[in-house]
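There are 4 protein chains.
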Amino acid sequence: MPEDTFEQLKVRLRQFATERDWDQFHSPKNLSMALIAEVAELVEHFQWLTEEQSENLSPEKLAEIELELADIQIYLVRLADKLQLELMTAVEKKLALNAQKYPADKVRGSSKKYTEYE
Amino acid sequence: MPEDTFEQLKVRLRQFATERDWDQFHSPKNLSMALIAEVAELVEHFQWLTEEQSENLSPEKLAEIELELADIQIYLVRLADKLQLELMTAVEKKLALNAQKYPADKVRGSSKKYTEYE
Amino acid sequence: MPEDTFEQLKVRLRQFATERDWDQFHSPKNLSMALIAEVAELVEHFQWLTEEQSENLSPEKLAEIELELADIQIYLVRLADKLQLELMTAVEKKLALNAQKYPADKVRGSSKKYTEYE
Amino acid sequence: MPEDTFEQLKVRLRQFATERDWDQFHSPKNLSMALIAEVAELVEHFQWLTEEQSENLSPEKLAEIELELADIQIYLVRLADKLQLELMTAVEKKLALNAQKYPADKVRGSSKKYTEYE
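Protein chains in written order, with the working numbering: chain A, 1 to 118; chain B, 119 to 236; chain C, 237 to 354; chain D, 355 to 472.
No lab work stands behind these hints: they were computed from the structure.
Please note: incorrect hints may appear among the correct ones.
[Stated by the list, open to error] For lysine to aspartate or glutamate, the following EDC-like pairs were computed, each having C-alpha atoms within a straight-line distance of at most 16 Å: (1) B:Lys212 x A:Glu68; (2) D:Lys364 x D:Glu440; (3) A:Lys82 x B:Glu169.
Based on the provided sequences and hints, a complete structural model is requested.
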């Protein structure tokens, strides 16, 4: 799987921070806080909606949510960079673990099992 | 910027969920909750560390955190897919907005300004 | 409204931290991280449940959730103490603001209005 | 320890929700989301501050944070009510467990031990 997307984004975000001298604020600790604050803005969009409503959003709402997803992705790439971790390498490792942990024929379909396997 | 990374990952995660009949649980509302729970596991790693300690993690700690980052990336791609949003398109939109909102010569270096501009 | 409950709890938690020399870790920044990590454990219990299921939990599940609520309350009291804020005073201020912000006859019943008023 | 504070607050919040017909939105699942969104607003206040700065807030900042703490307390009481749990009973149970889990003479002072015991 190509690393290009994350690599290019990483470099652009580095440059953005450097130009603004914001690197000093971007400790992994602080970035984890910024990341969860962004995800919470996403959660806020969904908190009073039913699951069904969350699947049928207005274009206006969806446009707002799109930018929240972007913020999460941006901070995630930034954090991985500061920790010198490669997101795609991490994802490949986790997917391999998940395939072992949740064999399809064992966990299929039951929410009870799904929850337990979590 | 190539869409390939996200596109390929999206397809693999779809397949993983389908094989396990987990699609029924993956409403955007539910995925936003799973996403924030994963980010919180990350925050937990950093909560009692100083900022400096968070920049100098042991290999063992870093290996754990790598998998947390993976979980966040996985749920983020999954959520974008369910909302039929493209993560890289979203990121491009947000970066353009950020460049306007935080002109480098105006916000450089001051944490006070940084916070206010947030 | 009596302050006793929070006051007594505050003193007990102070003593617990002092006896363990944990005060050094309890900066407001760190406590806010610990607090959100605890709330995320709560969210995790509910993430794959329907709203209806979340209203009909098993006694075992409820016993686990009870302890999560306790953790949240404990960190909240601890954080208020470190910031020298009184929780009940804060709540009274907020309830007065909410009564103004959401007049019953204006916001009644519609989820749309509710969300907008948020 | 007196239950009065929580009991009285519980009744007032019930009435507030009933008058606005908001009870329909207050499933435990939804309230857990609202709760974490409020805590995230708190985290946001601290994310770019050093620990020391978080201990020396301006009166303006402190006044904002006071209202965030109130929101968290309000949703916590509301959630406990919907689950028919008593917050102080929960706290007493948890404090008893914590006293066993973290004996003062065993965990004193070391952040390493503290983290491990967590």
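So, going through the hints one by one against the coordinates:
About 9 Å separates the Cα atoms of Lys212 (chain B) and Glu68 (chain A), which keeps this hinted pair within 16 Å; it holds. Using a Cα cut-off of 16 Å, the hinted pair Lys364 (chain D) and Glu440 (chain D) holds, with the two alpha carbons roughly 10 Å apart. At roughly 12 Å between alpha-carbon atoms, Lys82 (chain A) and Glu169 (chain B) fall within 16 Å of each other, so this suggested pair holds.
Against the hints set out earlier in the document, no violation occurs for any number.
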